[in-house]
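Asks: The listed protein sequences derive, respectively, from chains Y and S. Mapping of the first sequence onto the working numbering: position 41 corresponds to residue 259, and the numbering continues sequentially without gaps. Mapping of the second sequence onto the working numbering: position 304 corresponds to residue 316, and the numbering continues sequentially without gaps.
It cannot be assumed that every hint is accurate.
Some chain Y residues near chain S, calculated using beta-carbon distances under 8 Å [to be verified]:
#, residue
1, L239
2, F241
3, L305
4, W309
5, M413
6, L416
7, P419
8, V516
9, Y538
10, S549
11, R551
Keep in mind the hints are simulated off the structure, nothing from the lab. Virtual Cβ for every residue (Gly too), placed ideally from N, Cα, C.
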Amino acid sequence: MKWLRENLFANPLSGLVTLLLLFLLWKAVPPFIDWALLDAVWHPDTKACRAGEGACWGFIAEKHRFILFGTYPYEEHWRPAAASAILIGLWVCSGIRIFWKWWLALVWPAGLALIGTLMWGGILGLPFVENERWGGLILTLLLTTFGLAFAFPLAILLALARRSSMPVIQGLAVGYIELMRGVPLISLLFMASVMLPLFLPQGVTIDKLARAQIAMILFAAAYLAEVVRGGLQAIPKEQYEMADSLGLGYWQKTLWVVLPQALRIAVPPLVNTFIGFFKDTSLVLIIGLFDLLSTIKVSLQDPRWSGFGVEAYLFAALMYFAFCHAMSRYSRRFERRLDSA
Amino acid sequence: MAANYGWGRRIAYQAAALLAAVALGWFLARNTAANLEASRIASGFGFLAREAGFEIGESAFLRYSASDTYLDALAVGLANTLAVSLIGIALATVLGAAIGLGRLSRNFLLRSLGAAYVEFLRNVPLLVQLFFWYAVIAEGLPHPREALEPLPGVFLSNRGIFFPTFSSSPALEGFNFAGGAALTPEFAALLIGLATYTAAFIAEIVRAGVLAIERGQWEAAYAIGLTRRQALAHVALPQALRVIVPPATSQFLNLTKNSSLAVAIGYPDLVSVANTTINQTGQAIEGIAIIMAVYLTISLSISALMNWYNARVMRR
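Turn these sequences into a full structure, and let the hints steer you where they fit.
Replies: Structure, rendered in structure tokens:
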């Protein structure tokens, strides 16, 4: 009772707000539950879906293989499934502190090699699958992983360059970062898909997936660089002076004294940037790659199932939410630990 | 930082960096020129004066027909981008401020709903949200003949949202509404998506801004007899504004850049019109250069304004 009075009816206005919100919830939540759960059609039956009042989750039941794996050969779906599980496992392990050992740096390449073997095949009796046919969840995860893996070192160099005392180097870094941050990602993706082939010497070709990946890397590097710069700025000046007084050179000082501290401070905002990047991979749909969102959108083009877009995109939202929410909770936990340390 | 290098080495490093950048630019430009020559694409902006020949679904401020030039078409695209961005910014600010302050409320229900809103909207890609809103309007809403009327004169239908103006109000004519003002489904979906998504970020900025006020300020406000609401309005918010404005501006910029996702749901913004232009003329480099130049101009002028504002606030 005391809790109720303090938290819901502290004064007349608060009480009014509570009643108003309760009224709105009462108007919105039961109909939504009816639609989404009680009246929903769960088995893949278009007739029942079109006749019924509720949501048509049968659409997801029917299309889940295509949504998760795209146009990958049907009998081989266990391969992208295993690859996705391995990749998610690698990310989870990298987030746990007891695994922060030197051998983690060996586990990653080994894991990625295994994923590459699984996805391409061509050896060990696995039929070869060209990367044109990769799609769904694994494509989203791979774009994120490789995007961040290549963007991160580039970002560190850009951040150091931006903090450099040499005007030309600083100017180049500022120019690059502001250019990338000033334009929408779509324009970079368009540029990659139509202009990258023009940039290369004649006779050199590059596939669609790699083009999109390059654009994502160049884009992410600029945003990550600003986060790393924030971490660098938070290092007290004494740390630099102390390293100088030890007689360390620039690279020794940066690698052993400054960066380890700066990156640690920057973990929470870095994870937030990772989340943004993970969400941004959905934009590759616009240049015609089959990521998770794209497979969902294409599923809707089946005339038998057209018109269930609300269900389809709600499902897409839940998939993305699961990943992003996990990452954002991790970042908040880490932040709290940093504060208390 | 690099003070321990001699000036000779500093100059050598910088010259090397500059040389590398110039060499890369030259390499790319030479390849591009060779490739264009091989595929016989004439470069230059001459195509802008040619007749566009395609219709544009809607135009915010400008008149346009298919017989106008590509330049006119791009101007319509830019006007559409600015229209959805400006209205979106206004809506996102109001909604974001309300949710941000709601999250600071002592009312448990308000606080939790605000937190749930922010957590959910921020963790789902904007593109998914835009597709969702478009599906809700195009599939979820009824035909104009059975349109919902939540407020008198305001109609929601799968052909768009109709509302009255001072001079006329919408009325059913044949299969659609006429009169009043209308938002097309594409515009409405883009606007709702951009505003609700950005509001989640603005809410967090507003909340952080108010939380950044020192406790002493609140105590002083209470000591002179202000209520919590008065203290918030007259003491905390004016000070919080200094913390809020810079990150909020960058959210406004993000909203403007994100409006380019319009191309995915068929709203004719700048990127969408430029994309059609590129497909019709093959002038990819020029088209993308125009998109980038426009967005860079918007971004850089807003950042310049911001830096000037910050310098002023800091001086006080």
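Asks: Given L416(Y) was flagged as interface, is its beta-carbon under 8 Å from a beta-carbon of chain S?
Replies: L416(Y) check passes; min Cβ-Cβ to chain S is 5 Å, inside 8 Å.
Asks: Would you check whether L305(Y) satisfies its interface hint, that is, whether its CB is within less than 8 Å of any CB in chain S?
Replies: Violated, about 19 Å.
Asks: Any CB of chain S closer than 8 Å to the CB of W309(Y)?
Replies: Violated, about 16 Å.
Asks: So, as I understand it, the hint says P419(Y) touches chain S; can you test that by seeing if any CB pair is closer than 8 Å?
Replies: 5 Å, holds
Asks: Closer than 8 Å between Cβ atoms is the bar; does S549(Y) clear it against chain S? Give me holds or violated.
Replies: 12 Å, violated
Asks: Just to be careful: measuring from the Cβ of F241(Y) to every Cβ in chain S, is the smallest value less than 8 Å?
Replies: 11 Å, violated
Asks: Under the criterion of a CB-CB separation shorter than 8 Å, is L239(Y) in contact with chain S as hinted?
Replies: Hint on L239(Y): holds, closest Cβ of chain S at ~5 Å, below 8 Å.
Asks: Tell me if M413(Y) is really an interface residue toward chain S, meaning its C-beta lies closer than 8 Å to one of theirs.
Replies: 6 Å, holds
Asks: Close enough to count: is the Cβ of Y538(Y) nearer than 8 Å to one in chain S?
Replies: With a closest approach of 5 Å, the Y538(Y) hint holds.
Asks: Answer holds if the nearest beta-carbon of chain S is closer than 8 Å to that of V516(Y); otherwise answer violated.
Replies: Given a least distance of 12 Å, the restraint on V516(Y) is violated.
Asks: Would the hint on R551(Y) be counted as holding, given a Cβ-Cβ threshold of 8 Å to chain S?
Replies: Nearest chain S Cβ about 15 Å off; hint violated.
Checked against the numbered hints above, the structure violates hints 2, 3, 4, 8, 10 and 11; every other hint is satisfied.
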